[in-house]
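J.: Between the sequences and the hints, there should be enough to build the whole structure, so can you do that?
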Amino acid sequence: MEAESQSPKATNVETKPKLHSDDQEYKLRAENIDVFYDDFQAIKNVSLNIVGNSITAFIGPSGCGKSTFLRLFNRMNDYIDGFSMNGDIYMEGKDIYDPSIKVEELRKTVGMVFQKPNPFPKSIYENVAYGLRIQGISDEDYIEERVVESLKQATLFEEIKDNLDKQATALSGGQQQRLCIARALAVKPSVLLMDEPTSALDPISSGKIEDLVHELKSDYTIVIVTHNMQQAGRVSDNTAFLYMGSLIEYGDTQKIFTNPEKDRTQNYITGRFG
Amino acid sequence: MEAESQSPKATNVETKPKLHSDDQEYKLRAENIDVFYDDFQAIKNVSLNIVGNSITAFIGPSGCGKSTFLRLFNRMNDYIDGFSMNGDIYMEGKDIYDPSIKVEELRKTVGMVFQKPNPFPKSIYENVAYGLRIQGISDEDYIEERVVESLKQATLFEEIKDNLDKQATALSGGQQQRLCIARALAVKPSVLLMDEPTSALDPISSGKIEDLVHELKSDYTIVIVTHNMQQAGRVSDNTAFLYMGSLIEYGDTQKIFTNPEKDRTQNYITGRFG
Amino acid sequence: MNSTESSRLKDKAFRYIGMGTTIACVLILAIFIGFILYQGINRLGWDFLMALPSRFADQSGIYTAWIGTLWVLGLTTLISFPLGVGAGIYLEEYGKDTWLNSFLEINIANLAGVPSVIYGLLGLEAFVRIMKMGNSILAGSLTLALLILPIIIVSTRESIRAVPSSIRDASNALGATKWQTIWNQILPASFGGILTGVILALSRAVGETAPLIVVGALAYVPFAPQGPLDEFTVLPIQIFNWVTRPQHEFVINAAAAIIVLLVITFAMNGIAVYLRNRWQSKMNW
Amino acid sequence: SCGPSGPSKEIKIDGSSTVYPITEAVAEEYRSEAPNTRVTVGFSGTGGGFKKFLRGETDINDASRAISASETETAKENGIDYVRLSVAFDGLAVVANPENDWVDYLTVEELKKIWRPSSQGKVTHWSDVREEWPDKELHLFGPGVASGTYDYFTEAIVGESGSSRGDFTASEDDNVLVQGVSTDQSALGFFGLAFYEENMDKLKLVPIENENGKKVKPSMKTVSNDTYSPLSRPLFIYVNKEAAKRKPVQDFVNFYLSNAGKLAKQIGYVPMPDSAYQAQKEKFKAFYSQSDTTTAE
Amino acid sequence: MKVKEKIIEKILAACALITVLTTVGIILILTIEAVSFFQEVSIIEFLTSTEWTPLFTQKSYGILPLLAGTALTTMIAIAVALPIGLIIAVYLNEYARESVRKVLKPLLEILAVVPTVVYGFFALMIVTPFLKTFIPGLSGFNALSPGIVMGIMIIPFVSSLSEDALSSVPDSLRQASFGMGSTKFQTAFRVMVPAASSGIIVSAILAISRAVGETMIVAIAAGHQPRFTLDPTVPIETITAYIVQISMGDVPHGSTAYQTIFAAGITLFVFTFILNNISYWIKSRYQQKYE
Ligand SMILES: Nc1ncnc2c1ncn2[C@@H]1O[C@H](COP(=O)(O)OP(=O)(O)OP(=O)(O)O)[C@@H](O)[C@H]1O
Ligand SMILES: Nc1ncnc2c1ncn2[C@@H]1O[C@H](COP(=O)(O)OP(=O)(O)OP(=O)(O)O)[C@@H](O)[C@H]1O
Ligand SMILES: [Mg+2]
Ligand SMILES: [Mg+2]
Ligand SMILES: O=P([O-])([O-])[O-]
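Chains as they are written, first to last, in this note's numbering: chain R, 1 to 274; chain E, 1 to 274; chain P, 1 to 285; chain A, 1 to 297; chain C, 1 to 291.
Just so you know, these hints were derived from the structure itself, not from any lab. One thing to keep in mind: the hints can contain errors.
Claimed, not checked - Which bits of chain R does chain C cover? Going by a derived footprint, with three or more residues having C-beta under 8 Å, they are:
hint, stretch
1, 43-51
2, 72-85
3, 180-192
4, 205-218
Said to hold, decoys possible - Calculated cross-link-like contacts (lysine-lysine; reagent style DSS-like; alpha-carbon spacing at most 27 Å):
hint, chain 1, residue 1, chain 2, residue 2
5, E, K116, P, K12
6, P, K12, C, K105
7, E, K255, E, K116
8, C, K59, A, K112
9, A, K52, C, K6
Quantities reported herein were computed from a predicted structural model and do not represent experimental measurements. Idealized CB from N, CA, C, for every residue including glycine.
T.: Right, dumping it as structure tokens:
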């Protein structure tokens with residue numbers, strides 16, 4: 001029920017992302033998040049709303065907490081020793097840290113792609129089928145259909161369609177990363193988290209992934225961490241700038257890159273620090 | 001018998017270091033040096049003469065071959081698998097790669113200080129005495145005299161004179177590095193090679209080492225590798241700029257820093273690449 | 001939803017199965033040791049340690065056995081320590097990356113996997129018969145020394161490898177010869193690790209039975225040995241001898257002797273672990 | 001505790017595991033008599049012991065049978081002279097597991113059926129021995145081939161020394177046999193009577209029908225009066241001549257003969273009459289005092 | 001100076017060559033005795049006859065009963081050690097907290113330092129009587145009890161080596177699996193274990209090799225009866241136990257009976273040699289994979 005002009009919450013800042021008419025329209029909402037690793041506070045009172053079917057980029061210097069924040073949305077921090085948090089994260093209005101939420105279910109809805117391509121040491125086919133198999137699906141026809149479709153979505157199918165039995169680890173880095181995206185897509189998530197998905201890749205492979213991300217936008221809500229300013233500028237609708245655990249500025253990517261409100265953002269984007 | 005105005009050899013360059021009247025005055029001479037690590041050529045046809053009782057700095061971007069070149073002068077590359085070289089290195093006119101040369105003897109004349117302080121896990125006293133002991137010297141009085149004198153030369157004596165029995169590893173980083181210098185001095189070398197001797201140290205410790213290097217100049221020929229432009233400028237008489245294994249420019253430090261002949265040198269010194 | 005439920009259930013079940021299995025193993029060990037203590041602890045005493053073997057179980061002791069064990073241990077150390085450390089130094093410091101080195105490496109890996117009873121056959125033929133040492137302490141010790149040599153070599157190499165190359169560089173740059181560097185720097189710096197490996201290897205030797213039986217140490221030796229060419233018995237063989245007797249009193253003797261053997265083995269392992277920790281914390285370069 | 005002892009104060013004994021307990025007991029008692037004499041006793045079996053004895057490696061050999069013809073041959077070749085001294089009697093006990101409730105007695109014929117070589121792999125169940133017995137697997141235990149007990153048993157039962165089936169648990173260590181039989185319901189085994197007496201509670205003694213048709217259990221009495229036949233026998237020690245010239249050996253053997261009767265009884269063997277021991281002592285004395293006869297140069 | 005250096009190097013090389021001498025010695029001794037054995041006994045009989053009675057009047061030299069005994073106890077040991085070791089490895093690596101692992105792992109490794117003669121005692125005095133309460137027909141000497149105890153003894157080999165293999169699998173795979181919504185169980189058995197499979201196989205092979213060569217446990221608790229059977233409840237004999245049994249008596253040098261222990265020894269050596277080399281080969285390939 002928030003007003004049309006309302007901006008997403010952020011510590012001490014009022015920034016303007018692309019807005020929608022209804023609270024329901026926020027696919028993801030983070031409210032007053034603190035994250036601690038033992039005594040060290042990695043995220044400091046960050047609030048931030050993300051609308052559906054958009055691409056949001058997290059930028060900031062190394063160690064500012066981008067990955068930490070991203071991983072909150074599929075609860076991947078849960079396994080880290082010493083991790084603790086305050087605040088709430090909602091997905092489509094539901095508190096994902098509520099005890100009634102099954103974290104395995106959540107992760108099927110919120111897919112994730114990592115910095116370094118990490119295919120399983122199995123065949124290409126079995127990599128993509130993995131998410132379905134662990135759900136107990138055994139209908140081979142359905143699995144095959146999903147594998148092919150996901151590989152097509154990830155624009156990988158044409159390159160490897162004759163080699164679905166090949167070991168995934170034998171693919172090139174760029175292909176591996178697209179495979180990892182296909183693997184995430186196979187279980188039909190609605191959110192896709194990507195943590196520096198191209199930082200280990202050459203420029204050509206990176207370009208392919210960027211194109212792919214663009215295409216996926218119509219079906220998925222995508223949050224992407226990147227240290228590549230140009231990439232953030234090219235690919236995202238909204239950008240959040242984090243610095244030492246705090247959200248400095250958040251809003252329309254165009255705006256952030258051309259006319260940021262904070263000097264810090266300005267300095268970072270023009271490469272004067274970080 | 002070379003003419004007074006002759007400049008040291010360098011691949012495709014004519015640069016002017018501080019000159020002396022006689023070939024004999026060149027403490028060290030490298031002629032047409034190629035170095036290979038297996039198939040990879042790390043040094044490409046470099047020639048370079050160094051006069052006695054001077055400080056020569058090697059600068060250049062990481063991986064350009066500074067350390068490789070420096071370590072030729074005490075044959076420390078000999079142990080590296082796959083190392084091979086062409087060309088000759090003379091010290092006071094003698095070819096140090098001649099089979100008749102005993103490498104252990106050479107190293108007593110050419111001391112070396114490394115990037116990370118590497119004292120032995122023994123007492124301070126025994127660290128400095130080590131070089132004497134392995135020469136078979138057993139006259140304790142003489143050893144003590146050398147230890148004290150070397151520590152004094154390395155401007156460390158005052159700080160630790162009451163603790164000569166202390167473990168050397170318990171000293172601070174800067175003290176450890178001065179200890180390593182004292183250790184090298186104890187055997188009365190005439191050349192001192194230093195490979196980034198201050199890069200692991202804080203600015204204050206670095207300053208002390210720089211002062212020390214300056215003082216040692218009157219007795220030793222010093223060759224120092226550094227990635228710190230300011231340091232090279234402050235400390236050295238001559239500077240050699242290496243780039244991808246080639247010697248780009250070599251000459252008077254003042255000249256190199258204020259008015260280099262090559263654009264590459266200019267760019268590197270002003271920090272435009274490297 | 002359903003599949004998530006069952007996955008979670010399996011997950012939970014395995015957590016308990018895993019914990020249960022692990023604890024069960026530790027528990028079995030506890031039961032074993034508890035049983036031994038229960039059977040044997042009352043038999044232990046000064047008399048038991050100092051008595052010679054006897055046909056009466058309650059007058060029988062392990063004097064000859066532990067003296068024999070000490071002899072064998074000492075002699076095995078004397079033989080295997082210099083050989084193993086020397087071989088380790090050679091492999092790590094000399095002739096690296098030669099075909100000989102990789103051959104030696106495979107060979108040592110293989111020797112480490114040869115069953116101990118085969119070493120017994122080697123000892124029987126080579127030492128007892130060809131070199132005519134008979135069933136002596138020397139023959140037994142030589143056999144055990146060969147048996148533990150691979151362990152000592154491997155741990156020596158690991159310890160030497162743990163010494164940072166900066167130490168080696170520093171020594172070389174001062175004009176030290178290879179051996180001077182090894183003797184003055186590498187060995188002192190790796191000594192803790194080497195010692196750990198040697199003690200672990202010896203603790204294995206203390207418990208070895210089969211190779212000694214094969215070289216002929218299973219005799220009734222009612223007198224403590226006085227020299228390396230004497231016949232001998234050791235604790236594990238004394239235990240074996242008593243275990244095979246049907247009379248309960250001898251079984252109790254066996255249990256008591258096992259307590260002594262376990263104390264020795266655990267103590268050696270404990271010392272080794274302690275040394276390793278101390279060495280590792282000292283060697284944080 | 002004891003001072004340096006020259007090699008001459010060392011006495012090496014090996015041989016029969018049946019005689020071993022007697023010799024062990026004597027050696028142990030002798031420790032207090034002559035603390036500086038080091039007596040070592042092995043139990044390689046009579047045959048195994050003779051191998052060493054005839055190579056001159058041991059001074060005394062325990063034997064639960066007389067020396068064989070081929071062994072005598074070897075002795076001549078090696079120039080070993082020796083004397084045989086009797087030390088006690090023994091019976092061979094045939095034993096089963098206490099839980100075995102069917103075996104009441106065995107005839108010599110049945111024992112032969114069980115143990116002869118041709119029965120290997122054929123007589124494998126109790127029912128193969130006597131039809132009314134259960135169809136349970138027959139697990140056999142006996143002394144190893146190096147033992148005099150084995151030789152004696154095969155001679156007495158099968159008819160040829162050293163001839164038997166091979167598929168049984170054979171051990172020179174009688175303790176292993178006791179353990180095996182006492183823990184295995186379908187076991188049948190044999191060994192010296194003394195081992196039965198030491199482990200009576202764990203074993204069932206099987207009576208043997210002798211040629212008079214009487215079912216006899218071995219005991220002190222039945223062995224010494226010869227009614228337990230054919231499985232009773234004398235036990236010996238053999239002393240090397242060279243060794244017998246050494247004073248410590250003479251002392252030890254005399255001590256042995258003086259105490260064997262008492263100790264044998266303690267352990268479960270059948271002692272000889274005192275006069276017999278006296279006769280053995282004299283035989284021994286005559287042996288080591290006489291000049292060399294057999295040793296050729 | 002140079003001369004001294006050379007001498008030292010030669011001495012050190014000699015130390016290293018002792019290991020070669022050892023191998024040569026083992027192979028030579030086994031081969032020489034085995035060759036004279038095979039001059040008496042046909043290799044066909046050795047490999048095919050199902051009876052092993054070299055000491056009796058009706059001599060038969062079939063190694064199969066000893067091999068069967070070795071195979072039987074080894075299989076029982078592996079059946080115990082492999083699943084338990086693997087479960088423990090997975091549990092310690094994927095489930096247990098660091099503090100728990102720090103306590104449990106060294107405790108488990110105690111199992112591997114207990115001398116084998118002590119395990120023989122356990123097998124004979126504890127495990128066999130315990131098993132008898134379930135299996136009344138169990139002989140006092142049998143393959144089952146020493147097999148199980150041997151299995152317990154080699155659990156730490158399997159668990160430690162497998163855990164090393166599991167922990168060398170990059171964490172990114174675990175992350176990927178969790179990120180897909182897998183439970184720890186699914187992650188462990190569908191991703192981690194397959195990814196670590198070569199290391200786990202190495203641990204299994206080394207465990208087998210160890211079980212094949214284990215001597216005292218079987219010498220004490222398995223009986224000494226060469227029997228061509230896979231029945232775990234009756235007395236059997238392994239190759240190793242046979243060597244010990246013969247060594248306990250005095251079989252004269254040069255006799256065929258004496259040579260049998262070398263024929264048995266070379267059989268044992270060949271098996272363990274093959275196993276060790278397979279594991280060495282897998283290990284050197286697999287170590288390249290994750291480095
Ligand atoms: N497991 C952990 N335990 C303790 N501290 C951690 C842990 N992970 C991250 N941190 C700390 O939390 C802070 C934020 O880390 P995070 O990985 O989120 O940064 P980032 O912005 O993603 O950096 P980068 O660009 O280098 O990936 C850093 O200071 C980091 O050192
Ligand atoms: N042991 C070696 N084996 C193979 N290549 C080597 C080895 N040491 C150095 N190189 C290569 O030789 C080149 C020169 O190395 P060197 O260490 O001399 O560079 P450098 O100028 O000292 O660099 P830095 O400033 O990083 O110390 C580099 O490309 C390096 O990768
Ligand atoms: Mg990150
Ligand atoms: Mg360098
Ligand atoms: O050991 P034996 O008495 O049977 O020879």
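J.: Would you pick out the hints that fail for this structure and give their numbers low to high?
T.: 1, 4, 5, 7 and 9
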